Amino acid sequence: MSDKYTQFVSQGFGRELARRLGLPRPVELRRYEAGKPLVPGPVLVLGNGDEGRSQSAEGIAVELLSWGLDVRRNALPKEKLGAIVLMLDQVRRPEDLEVPMLTAARSIRDLAPGGRVVTVSRTADSAEDPAAAAARQGIDGIVRSLAKELRDGATANGILLGRDATPQSPGALGALRFFLSGRSAFVDGQLLTVSSEAGRAPGDPDKPLAGKVAVVTGAARGIGAAIARTLHRDGAVIVAVDVPAAGDHLAEVANEVRGTALQLDITVPDAGERIIHHALERHGRLDILVHNAGITRDKLLANMDDGRWRSVIAVNIASQLRINDAILGSGRLPVAPRIVSVASTSGIAGNRGQSNYAASKGGVIGMVRAAAPLLEARGGAINAVAPGFIETEMTARIPFLTREVARRLNSLQQGGTPADVAEAIAFLASDAASGVSGEVLRVCGQNLVGA
Amino acid sequence: MPSAAQSPGVRKAVVIGGNRIPFARSGGAYTKSSNQDMLTAALDGLIARFGLQGERIGEVAAGAVLKHSRDFNLTREAVLGSALSAETPSYDLQQACATGLETVLGLANKIKLGQIDSAVAGGVDSASDAPIAVSEGLREVLLDLNRAKTLPARLKILARLRPKDIAPDAPGTGEPRTGLSMGEHQALTTAQWKITREAQDELAYASHRNLAAAYERGFFDDLLTPYRGLSRDSNLRADTSLEKLASLKPVFGKSLGAAATMTAGNSTPLTDGAATVLLGSEEWADERGLPKLATVVDGEAAAVDFVHGKDGLLMAPAFAVPRLLARNGLTLGDIDFFEIHEAFAGTVLSTLAAWEDEDFGRDRLGLSGAFGAVDRGKLNVNGSSLAAGHPFAATGGRIVASLAKMLHERGTVDGRPARGLVSICAAGGQGVVAILEAYPSAEGEQV
Numbered sequence: 001m002s003d004k005y006t007q008f009v010s011q012g013f014g015r016e017l018a019r020r021l022g023l024p025r026p027v028e029l030r031r032y033e034a035g036k037p038l039v040p041g042p043v044l045v046l047g048n049g050d051e052g053r054s055q056s057a058e059g060i061a062v063e064l065l066s067w068g069l070d071v072r073r074n075a076l077p078k079e080k081l082g083a084i085v086l087m088l089d090q091v092r093r094p095e096d097l098e099v100p101m102l103t104a105a106r107s108i109r110d111l112a113p114g115g116r117v118v119t120v121s122r123t124a125d126s127a128e129d130p131a132a133a134a135a136r137q138g139i140d141g142i143v144r145s146l147a148k149e150l151r152d153g154a155t156a157n158g159i160l161l162g163r164d165a166t167p168q169s170p171g172a173l174g175a176l177r178f179f180l181s182g183r184s185a186f187v188d189g190q191l192l193t194v195s196s197e198a199g200r201a202p203g204d205p206d207k208p209l210a211g212k213v214a215v216v217t218g219a220a221r222g223i224g225a226a227i228a229r230t231l232h233r234d235g236a237v238i239v240a241v242d243v244p245a246a247g248d249h250l251a252e253v254a255n256e257v258r259g260t261a262l263q264l265d266i267t268v269p270d271a272g273e274r275i276i277h278h279a280l281e282r283h284g285r286l287d288i289l290v291h292n293a294g295i296t297r298d299k300l301l302a303n304m305d306d307g308r309w310r311s312v313i314a315v316n317i318a319s320q321l322r323i324n325d326a327i328l329g330s331g332r333l334p335v336a337p338r339i340v341s342v343a344s345t346s347g348i349a350g351n352r353g354q355s356n357y358a359a360s361k362g363g364v365i366g367m368v369r370a371a372a373p374l375l376e377a378r379g380g381a382i383n384a385v386a387p388g389f390i391e392t393e394m395t396a397r398i399p400f401l402t403r404e405v406a407r408r409l410n411s412l413q414q415g416g417t418p419a420d421v422a423e424a425i426a427f428l429a430s431d432a433a434s435g436v437s438g439e440v441l442r443v444c445g446q447n448l449v450g451a
Numbered sequence: 001m002p003s004a005a006q007s008p009g010v011r012k013a014v015v016i017g018g019n020r021i022p023f024a025r026s027g028g029a030y031t032k033s034s035n036q037d038m039l040t041a042a043l044d045g046l047i048a049r050f051g052l053q054g055e056r057i058g059e060v061a062a063g064a065v066l067k068h069s070r071d072f073n074l075t076r077e078a079v080l081g082s083a084l085s086a087e088t089p090s091y092d093l094q095q096a097c098a099t100g101l102e103t104v105l106g107l108a109n110k111i112k113l114g115q116i117d118s119a120v121a122g123g124v125d126s127a128s129d130a131p132i133a134v135s136e137g138l139r140e141v142l143l144d145l146n147r148a149k150t151l152p153a154r155l156k157i158l159a160r161l162r163p164k165d166i167a168p169d170a171p172g173t174g175e176p177r178t179g180l181s182m183g184e185h186q187a188l189t190t191a192q193w194k195i196t197r198e199a200q201d202e203l204a205y206a207s208h209r210n211l212a213a214a215y216e217r218g219f220f221d222d223l224l225t226p227y228r229g230l231s232r233d234s235n236l237r238a239d240t241s242l243e244k245l246a247s248l249k250p251v252f253g254k255s256l257g258a259a260a261t262m263t264a265g266n267s268t269p270l271t272d273g274a275a276t277v278l279l280g281s282e283e284w285a286d287e288r289g290l291p292k293l294a295t296v297v298d299g300e301a302a303a304v305d306f307v308h309g310k311d312g313l314l315m316a317p318a319f320a321v322p323r324l325l326a327r328n329g330l331t332l333g334d335i336d337f338f339e340i341h342e343a344f345a346g347t348v349l350s351t352l353a354a355w356e357d358e359d360f361g362r363d364r365l366g367l368s369g370a371f372g373a374v375d376r377g378k379l380n381v382n383g384s385s386l387a388a389g390h391p392f393a394a395t396g397g398r399i400v401a402s403l404a405k406m407l408h409e410r411g412t413v414d415g416r417p418a419r420g421l422v423s424i425c426a427a428g429g430q431g432v433v434a435i436l437e438a439y440p441s442a443e444g445e446q447v
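Same order as they appear, the protein sequences are chains A and B.
Just so we're aligned, residue 1 is where the first sequence starts under the UniProt record's numbering, counting upward by one.
Just so we're aligned, residue 1 is where the second sequence starts under the UniProt record's numbering, counting upward by one.
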C-alpha cells in the first residue's frame, strides 16, 4: 500500500529529477497529531473591505487568537504563513472580490508546506439579488482553481454559510478548525455548507468525541478499521460491526480500540434493531452511526448479472435505509444519532464497470440529502463523505499502471489514506458539526474526475 | 434435599455468553496452530464480543487433553497473550473430554460462593499439533547421558542405543488399562445395547442437518469467531444423506463381524479447536450491561468400572444424570433441551437405551423401573459433536455457550425458566453432567 513514488520524489535526487522532467511532485501530507500545532505558521486573516478588512474578519481574528494561534491582519514580507483565511461573507458584487483576492495573491507563495487557504462566504442560493449570487458563486470557482494551483500539500477549501448561520456559528468555527488542521489533509477544493446555528465547540479539541458511543459498520479492515481507530482516538466508545465471516479481524480491531465487536450481516431485516439493542445494552447510548460497510462487484453493465447487482444494492444502500428507519422509528433513543455515510466519487462522477456500485453510492448521496430534515427533526444530523482514491487493500489490487494513474489524478498527486477518510467522518460526527447536515464532503485530494 | 443453588447464602452464577473458533478436522486449517494459539484466539474473540479489554477477570480455567509438557501453564500463557489484564489469574484443568464442562462447574461454584465475581471457562485441543514423545529407550539414554560426567561414560551410554529406540511414541487415545481405543470400547457397548447401524446413522444425519440449519439462521453469529480462514466447522456436511452415511464401512468393532456398526460417519473425527464461556455473578454482569443468558444450576460427576467390564467405557453419564436430576427433584420430563455429547452415535443411543431399560433402572440405578425416555425432539437440536467435531477439552465450552443461548431464546416453559441438561462422557470411564436454566428475563424486554 506504500506509495513509493511519493517517497522517491520527496527528497534528494528523486526530487530534483521529478522537477527537471516536469513529473508530478507529491509530498507527504501534513496530518493531524495530538499536541502538534493546528497550522504550520501564522494565520493571515483577510476580509472583503478596504485593505482586506471587515467586521467578520475582525471577529474571526479574535477567535483564532483565542485558539492560541499567531494571527496576522497584514502579511509581513517573506514570512511563511500557516494559513490564509478569507472572510468573504459580505461580498455583494463580483467586483468586491478583487481587493481580498489580490491581497491574498501576494501571500500565496509564502504559504508553508501543508498550508491552508480557507474561504468563508455565503451560499449563492440564499442571495437576495443576482449580483450577490454571482459574487458568491464566484468564490466556488476561486476555491476550486486555487486548490489546483497550490503546491507542497497545501489545500484550499471553503465554508458556505446558509441563511441561518454566521461566521461565528459553532458549525462554521468547527469547519474552520477542521480545514486548518491536519485532519483535512486529503480534502481539497471542497466547499462545505453550514446551515444552522446548531452545535458547540468541544471541551477538549483533542477529544471532540469524549463520552460518545459510535457504531461503525464494516469495521474489520480498511477504511472501517481506520474510522474505528480515529473515533476512538477522539474519545468515542466503539461498537465495531462486520459480517460474521470477518469476525477475526473485527475482534482484533475491537480489542485494539477497547470497544465491542458485533458480528452482524447488516442486510438482515432486523439489523437496525440489533445495533440499537447492542449499543444501549452494553454502552447505554448511541450517539454516532457510521455506515461504512460496502462491497464492489464490478462488471460492465453489458455483462452484469443479478447476483452482482443485487448484493451491491443490498449491502451499500438498502441496508442503510433500513437501519436509518429503525433509528428514526426507535422509541429507545432519546435523540437521533449523528449519521455519517460513506459514499464514493464513483457515485458522483461514475466509473467504468461500476454501474451497480455507482447506483448504490449515488443512492447514498440522495438518501443523505432527503434524510437530513428527518434526522434534524429528531435532534440528529446526517452527512456523507465521498472518498476518492484511497490506499487500501482493495485499491492495492488494481493493476500497477492503472493504480499509478489513478493516484496522480488529483491536485495532491497521491492517494489518500483510510485515516484521511476517517478524519472527515470524525469531524462530521462531532458536536462542532451539528450545524452541518445533508452534506457530502469529498475526501479526494480534489480528484480531477467529476469535480 | 435442596440443591446447592437454592441454599441460603449462595448466589447465582450466570452464563453471559461464549466464544469459540470453528472446529477443524485434524490435519486441516489448524494444522500449524498450537493449543495456546487457538485458546488465545478464542479468548480474544470473547474479549472483543463483551468489551473485556484490560479487565481483570476473577479467574480463567481451561485445559487440553493432548498437551505438550511445555504447556504446563497453558491457560495462563493464553491469558497473557490475550487482551485481558495480565493480572488475571488462571489455572489448567484436565478431566479428559469433560475438561470444558468441569471448568464451567468449578468456576460457577466459586462465583456462587462469592470467591470470584467473573470467570472464563474453556478448553482447547489439537490432534494435529499433538505432542510426540521419544521412545522409553531413547528417553532413558538421554537422561543418563545428561547425568554422565566423563566422555567414556557418555560413549558407553550412547552404545546402548538401538535403532528401534529412535522411533517416536505416537500419541494414542487408547485406554492405558485395557489397551483398547475409545472406539473399540464403544463398539462393545454399542453391541451390548443392540444399537443398530441405522439408528446411529440417523443420529449422525440429524446432527449434521441441525448444525447446518443453526448456521443458516445465524445462531452462531454471536457464539463463534472465524479463525485461519474457517468460519464454520470443517467437519459439517450440510449435504450429507442417510444413503451416504449408509455407504461407509465400519471402522470400529470389526472383530464383531456382522455386528460392526460404527463408521467414520457415526463417530466423531479427531478435531482441533477451542471454546470459552464467560461466567459472572448477576451484579458483575449488570454493572457492565452484559447479558445474562442462563444460570448454572448444578453438576454431577460419575465414573464406571469399565476395566472389569462392569459397564461400558463411556457410560458414566447414565449414572450421573439420574443422580443429578434426583438431587434437584427433577425427571427427564422436566428437561427442555438435552445436550448429550456425541462422542459416537452409539454412546448417545446406548445411554438412552440404558435409561429406557427396566433391568438397568432397577439393578444399576436402584429405581423401581426404567429411568425414563428422552424426547428425541429435544435432543441436540442445534447439532452436536458428530457434525461439529470434537476437540476434546473444547466440547464442554461449545455446549454450555450454545445451550445458554438456546435457553435464553426459549425463555420460559409452562411459566418456569427453560431447563437444559448437559451430559459429557470422558476417557477413563468418567462423565460429567450439568443442569442450566434460562435466566429469567425482565418483563417486556423489547427493542
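Note that these hints are calculated values from the structure, not bench results.
Source: prediction; values computed, not measured.
Backbone N, C-alpha and C fix where the C-beta goes; we use that ideal spot for every residue, glycine too.
Take these hints with a grain of salt, some might be off.
[To be verified] Simulated coverage check for chain B against chain A, where a stretch passes if three residues somewhere in it have a Cβ under 8 Å from a Cβ of chain A:
#1 214 to 223
#2 420 to 433
[Unchecked claim] From the derived model, a few chain B residues whose C-beta atoms are all more than 10 Å from chain A:
#3 Glu202
#4 Lys254
#5 Gly309
**Item:** Violations among the numbered hints, reported as their numbers in ascending order
**Value:** 2
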